[in-house]
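Protein chains in written order, with my numbering: chain A, 1 to 225; chain B, 1001 to 1279.
A few of these clues could be false.
[Unchecked claim] Simulated DEER-style distance windows between Cβ atoms:
{"hint": "1", "chain 1": "A", "residue 1": "49", "chain 2": "B", "residue 2": "1094", "range": "51 to 59 angstroms"}
{"hint": "2", "chain 1": "B", "residue 1": "1065", "chain 2": "A", "residue 2": "74", "range": "21 to 29 angstroms"}
{"hint": "3", "chain 1": "A", "residue 1": "140", "chain 2": "B", "residue 2": "1042", "range": "49 to 57 angstroms"}
{"hint": "4", "chain 1": "B", "residue 1": "1151", "chain 2": "A", "residue 2": "66", "range": "38 to 46 angstroms"}
{"hint": "5", "chain 1": "B", "residue 1": "1238", "chain 2": "A", "residue 2": "32", "range": "45 to 53 angstroms"}
{"hint": "6", "chain 1": "A", "residue 1": "80", "chain 2": "B", "residue 2": "1118", "range": "49 to 57 angstroms"}
{"hint": "7", "chain 1": "B", "residue 1": "1278", "chain 2": "A", "residue 2": "7", "range": "28 to 36 angstroms"}
{"hint": "8", "chain 1": "A", "residue 1": "67", "chain 2": "B", "residue 2": "1117", "range": "35 to 43 angstroms"}
{"hint": "9", "chain 1": "B", "residue 1": "1118", "chain 2": "A", "residue 2": "4", "range": "19 to 27 angstroms"}
{"hint": "10", "chain 1": "B", "residue 1": "1093", "chain 2": "A", "residue 2": "203", "range": "42 to 50 angstroms"}
Don't read these hints as lab results, they were simulated from the structure. C-beta atoms are modelled at their ideal positions from N, C-alpha and C, and glycine is treated no differently.
In case you want the letters, here they are:
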Amino acid sequence: MTLEAWSQLWPKVPVLLQGLVVNLELLAGLLSLGLVIGVVVALVEVYAPRPFRALALAYEWFFRGVPELVLLFLFYFGPSQFGVEISAFLAAVLALGFRSSAYQSQIFRGAIQTISPGQSLAARSLGMSRLGVICHVILPQALRLSLAGWSNEFSSVLKDTTLAYGIGVVEVMRQARYLTARNFPLALPAFIVVALMFLILTYAGNWGIGLLERRLRVPGLEVRG
Amino acid sequence: MRRGAVLVLAAVLSVGALAMGQPKYVVLCDIAWAPFEWVSAKGAYLGFDLDVMRAIAIVEGYEIEIRDTPFDSIIPSVIAGKGDIGASGFTINEERAQVVDFSEPYWTSDQAVVTRAGAGLDVAGALAAGHKVGAQRGTTGAGWVEEQYPDVTLVLYETYPEAVLDLLAGRLDAVVQDVDPSKQAVAQYPGLLEIAGIIETGEQFGFLVAKGDPKGILPLLSSGMAKLKESGAWDLLISAYFGPALEEIEAAWEASIDILLVEKDVLKFAQTFAALVAE
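Using the sequences and the hints, build the whole thing.
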């Protein structure tokens, strides 16, 4: 790795950043999909009747049990067997989003279960409906409590977006490979820069989630078993 | 033309053609294998395979969309109907011909054995028993070493550049790869790498389509190739792409590609492109 390689790489950093934007788009898509489905799966696992609970558990078992790269290939090649055309980007959002929802559901389930059952009993005795209890008593507390675990999931899936490279999404790894395929000596500097980009993003994201956690904290609220 | 405008223009043209009712085929290519296909410093897709695909599309009256796909995924994608044509320096072989259909051969390639400069090895020396030899996974070079030299330790890599970096780092004794990409690698490390020798495997490259050619693409490819050869555009493209340094090819290509994409004049493009490279 020479100084010359670094000076050749420097003008290419915007190209890598262009790729990184695609990773961020993937991240936004998969986190929101994972969040919505994750909350639903967690609620079903805790509150729904047995058959639904079994279904949610099976969902979670599948998406936590299959390797991510395999999921990506299943979602990319699978739908075309049924005549459904799916782009590499959408396949990546769905595969990684469903997978993330399975992990996120466990974060939310844990948080829901730390809220003392006495609270729902009390709310019910005041005449609140079951749905009302979940929406107004349980979730506002549980989602706050989830933030710490959720920042862990954020850091993990942020890096997973680079796997989309395997099905041909032109994201930052693919851009790095374009550079190295044209100019071999750029390989090491290019990957060092990509590593730095992710280090910065992980730090910034976790800092943001920490800030959110402090902002949303309810003074005086504590969790008792 | 401004940066990126070429790509935008290509996209606009392909959308326009769809409206005009020309058929459109998706071409899959792993765009990281100069000089057959690579991404220029300005981000454009170029290379011999890609320009041949563009030129044939023009002379045969159809549109193409070039989609970058990892090499291992191209054949599965064509089988699954996610792409129509595989154009990525595919060697025609039995195993592949069982699952896809090939066009007639468009290129003959041999394998080169690359070593560190000054290692003083010939082919036999580089592939001596106990040596570590690198190759790209899924390539015919890897298969060839495995069959012919069972006593060397074969190390497989996802991409060719990784194998070259390990050779430079001293972790390998040699790397086996097709002649033209090998020459490009040696050119990038003047004084550090050399070609120990060429093994005449006489492999033939073909474009590939789904088994049974359900969309009737092979006759178009074959007639298109014949037209390009007859007009002389074929040989001009070869002279432009095989030999010169990548920077020179890119500069000439960027100055002339509009003739192909906008004016749709295949021969004039090939002439201008080859003349600019030769300068």
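| residue 1278 of chain B paired with residue 7 of chain A, Cβ distance criterion 28 to 36 angstroms | Distance hint for residue 1278 of chain B, residue 7 of chain A holds at roughly 30 angstroms.
| request: Return holds or violated for the Cβ distance of residue 1093 of chain B and residue 203 of chain A against the range 42 to 50 angstroms. | output: holds, 49 angstroms
| Within 38 to 46 angstroms or not, the Cβ separation of residue 1151 of chain B and residue 66 of chain A? | Given a distance of about 39 angstroms, which is inside 38 to 46 angstroms, the answer is holds.
| request: Look at the Cβ atoms of residue 1065 of chain B and residue 74 of chain A and judge whether their distance stays inside 21 to 29 angstroms. | output: This hint holds: roughly 24 angstroms between Cβ atoms.
| said: Holds or violated: the 49 to 57 angstroms window for the beta-carbon distance between residue 140 of chain A and residue 1042 of chain B? | reply: Given range 49 to 57 angstroms: holds, Cβ gap about 52 angstroms.
| Taking 51 to 59 angstroms as the hint, is the beta-carbon distance of residue 49 of chain A and residue 1094 of chain B inside that range? | holds, 57 angstroms
| message | Taking 45 to 53 angstroms as the stated bounds, is the beta-carbon spacing between residue 1238 of chain B and residue 32 of chain A within them? | response | holds, 50 angstroms
| residue 80 of chain A versus residue 1118 of chain B beta-carbon gap, inside 49 to 57 angstroms or not | Since residue 80 of chain A and residue 1118 of chain B have Cβ atoms about 51 angstroms apart, the given range 49 to 57 angstroms holds.
| task | Given the range 35 to 43 angstroms, decide if the beta-carbon distance of residue 67 of chain A to residue 1117 of chain B lies inside it. | result | holds, 41 angstroms
| query | That 19 to 27 angstroms hint for residue 1118 of chain B and residue 4 of chain A (C-beta), does it hold up? | reply | holds, 21 angstroms
When held up to the earlier numbered hints, the structure conflicts with none and fits them all.
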